[in-house]
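Since the structure of chain A is already known, use the hints to place chain B on it.
Chain by chain, the residues:
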Amino acid sequence: MSVAVQLEHASVRLGGRAVWSDVDLTIEEGEFVAILGPNGAGKSTLLKALLGVVPLSHGAASVFGRPVRRGSPDIGYLPQRRRFDPDLRIRAVDLVRLGLDGNRWGLSLPSPARRRRVGEMIELVGASRYQERPVGELSGGEQQRILIAQALVSGARMLALDEPLESLDLNNQQAISQLVRSFCRTQGVTVLLVAHDVNPILPFIDRVVYVAGGHVLAGRPRDVIRTETLTKLYEAPVEVLQTTDGRLVVVGQYEPVSHHANSH
Amino acid sequence: MPEQGPSWDVLADLQLLLQFHFMQNAYMAGTLVALLAGVAGYFVVLRGQSFAAHTLSQVGFPGAAAGVLLHVSPVLGLIAFCVAAALGIGWRGRDVEAGNRAEAATVGSILAFSLGLGLLFFRLYAGSAQGIYAFLFGSILGIADRDVQVTLAVAVAGFAVLAWMGRPLIFASVDPDVAEARGVPVRALSIGFLVVLALTVAITVQIVGTLLIFALLVAPGATALQLTARPAVGLLTSVVLSVAFTWGGLALAYFSAFPVGFFITSLAFGAYVATRGLRFARA
Numbered sequence: 001m002s003v004a005v006q007l008e009h010a011s012v013r014l015g016g017r018a019v020w021s022d023v024d025l026t027i028e029e030g031e032f033v034a035i036l037g038p039n040g041a042g043k044s045t046l047l048k049a050l051l052g053v054v055p056l057s058h059g060a061a062s063v064f065g066r067p068v069r070r071g072s073p074d075i076g077y078l079p080q081r082r083r084f085d086p087d088l089r090i091r092a093v094d095l096v097r098l099g100l101d102g103n104r105w106g107l108s109l110p111s112p113a114r115r116r117r118v119g120e121m122i123e124l125v126g127a128s129r130y131q132e133r134p135v136g137e138l139s140g141g142e143q144q145r146i147l148i149a150q151a152l153v154s155g156a157r158m159l160a161l162d163e164p165l166e167s168l169d170l171n172n173q174q175a176i177s178q179l180v181r182s183f184c185r186t187q188g189v190t191v192l193l194v195a196h197d198v199n200p201i202l203p204f205i206d207r208v209v210y211v212a213g214g215h216v217l218a219g220r221p222r223d224v225i226r227t228e229t230l231t232k233l234y235e236a237p238v239e240v241l242q243t244t245d246g247r248l249v250v251v252g253q254y255e256p257v258s259h260h261a262n263s264h
Numbered sequence: 001m002p003e004q005g006p007s008w009d010v011l012a013d014l015q016l017l018l019q020f021h022f023m024q025n026a027y028m029a030g031t032l033v034a035l036l037a038g039v040a041g042y043f044v045v046l047r048g049q050s051f052a053a054h055t056l057s058q059v060g061f062p063g064a065a066a067g068v069l070l071h072v073s074p075v076l077g078l079i080a081f082c083v084a085a086a087l088g089i090g091w092r093g094r095d096v097e098a099g100n101r102a103e104a105a106t107v108g109s110i111l112a113f114s115l116g117l118g119l120l121f122f123r124l125y126a127g128s129a130q131g132i133y134a135f136l137f138g139s140i141l142g143i144a145d146r147d148v149q150v151t152l153a154v155a156v157a158g159f160a161v162l163a164w165m166g167r168p169l170i171f172a173s174v175d176p177d178v179a180e181a182r183g184v185p186v187r188a189l190s191i192g193f194l195v196v197l198a199l200t201v202a203i204t205v206q207i208v209g210t211l212l213i214f215a216l217l218v219a220p221g222a223t224a225l226q227l228t229a230r231p232a233v234g235l236l237t238s239v240v241l242s243v244a245f246t247w248g249g250l251a252l253a254y255f256s257a258f259p260v261g262f263f264i265t266s267l268a269f270g271a272y273v274a275t276r277g278l279r280f281a282r283a
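Chains A and B are the protein sequences, given in the same order. In terms of the working numbering, the first sequence opens at residue 1 and continues consecutively. In terms of the working numbering, the second sequence opens at residue 1 and continues consecutively.
Bound-form chain B, shown alone:
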């Protein structure tokens, strides 16, 4: 940890921040994750799929554990399990996402089972509490070069797919009946988006862990949608917020004794509360 605290000299502070390799990796992976999570998060909130995002992150728990057990990167295990879960949820159809219907019980049961499976995997790996902790709350300061590469590949792919299907996806999200009549493959898009969401969740979990995933995957999109009803501006705002939370959280954690996840979630929560308050005051 740093011997010097922050000064008012921004350049010197940046040098301090980035003097270690682990911090460079943290910033690289964090930025990539924030970019993709910002875009995906806008759609998550627009489609009302926050619950699906959370479900996916938790189903990834045994995935990460399996990755550790098999001596491959946890992020690869996460990707495999999250994508499989996304296909499962997509197969069941949109009802599952509502959260308050009968299907929620099914998803809940699968969730509990997968968490139990994760616990078993970690125990088989000689019971590393550190590993579980990192998965639940993120381990951004322990990101290896290999993880940065995987993150880059996933982020580029996710970005490309979302750019390609963005407009029909908005159509299908806000007006599915008309979109279907106009030839938009609503169901295929729903499954496709869940897969992109699964990939996003898998790399986001590295940064903030499964318990704090809302901070990067829901809060920026929700805040942006409070601020604007223009899709293009909303997407951009969501990305900017997501990157700002990540950079700010990393810097604050680096110059203090407190964890990154705490600062990222605090910034995200603060921004959301502030914009909600702003709209409430205006109304």
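Bound conformation, chain A alone:
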């Protein structure tokens, strides 16, 4: 297996504040990685640093063996979002198409090859039924499927998903998690998924990356998802329970708040 993500002594400063510093992290190709941590700890910043949108203040970052650069077609990105504006009048299929050639300048002739590629991708995420509808009219789960198709359509080998399950109901959380897992398992797509609530993805993840208190730590789920570890990381009481069939469930006593964000 080759290395998908490598961070060496990496630090990021935003607005004069150190978000996290001296981070060493290696993620193997094809891994499904959950990125967890309190609000404001820099989980989204970690993704943005790998996308080249946020620059490192120190250290080095590489993706698939190449130094990070903005606009790499290797990474498909789902930003943390809110839903699309209900009045946004552009079809779902057009949005996926933008993932393929939205960064190209100038006019181009109609391309049957690109249309086919977009159609195949939409079928893979199971969104064919509503691909002609304006994206603003789609439900949250439907929009996430379209966005995953958009992220993967240019042949991305890694998905950087920022809270894709937020504001989805339980069924859709399950469905989207399974969809992402299937891309990970069948096509070897590396997945970095920022999650607020770890429970829906616990059965799928290979590794956990914790962002808290200015540090980034990685570990196996069984090692990290423990009452003592989580309570320390969130600086708030968190309990890990085991169901009768062996699944883990994380229960927070109250909404975790980053003390780090307030202390600088």
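It is worth saying that the hints were derived from the structure and are not from the lab. Every residue gets a Cβ at the ideal spot worked out from N, C-alpha and C, and that includes glycine. All clues stand as given, with none of them false.
Covered, in the sense of this in silico footprint (three residues per stretch, anywhere, with C-beta under 8 Å from a C-beta of chain B), are these stretches of chain A:
#1 76 to 88
#2 97 to 107
Not the full set, but computed from the structure, chain A residues with beta-carbon under 7 Å of chain B:
#3 LEU51
#4 VAL53
#5 ARG70
#6 GLY71
#7 ARG91
#8 ASP94
#9 PRO134
Then chain B, alone, in the frame of chain A:
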């Protein structure tokens, strides 16, 4: 004004319409403006920048006045002031366009100041109320050959730039975060589009004036987006509507005693209301 009214003989009517040089100029400039305004207007509505378009048109007021004062064409003064304002708005970032944020107060203050400046310039020019009237409501029947040339140059340049940056601009408009991650220069595009918008506003003001600018710069795009969610079809529809409003407005004004601006805005308003009603009825 014409001695004969319109008949049902379309060819004869066209001959009547175009028998005078000022009407030929009006149709030429009007068509060029409508083509560019139709395309730019689609992006204006898609990006939710109607407020920016309106702001730019008003900031152009002292520009036109300065043009008159310096004995150069008002459209040149308009272009200079509008582009400067676009760079100013672009510099402040996208927040300004929202209209309902704190920055709106800043833009509002600049707006008021520029209108006052325009008033001063016109007064210095020996107080021509006619000039102010033409600027506020358009003066398409007084378009000189020189203005047609400037309009042609601006329209060709605007068209070329929009064709070149159209696709990344749509990407940046509907999904700025992903577009940025994919290497689209979102901020530069935003400023670039504002400059094209400023140029479009400058030549559109000649036709419908600053107060009626929505008729050509917002209504066609808004109507087209009601009718279709396909970008290519939407752009084409917006252009067709914009040209139709302009041609129709000119013809109606020519054969009646009422001003062009009234007819263009009425056609635009009618089309928008009709399509909104259509969608409402379907839903």
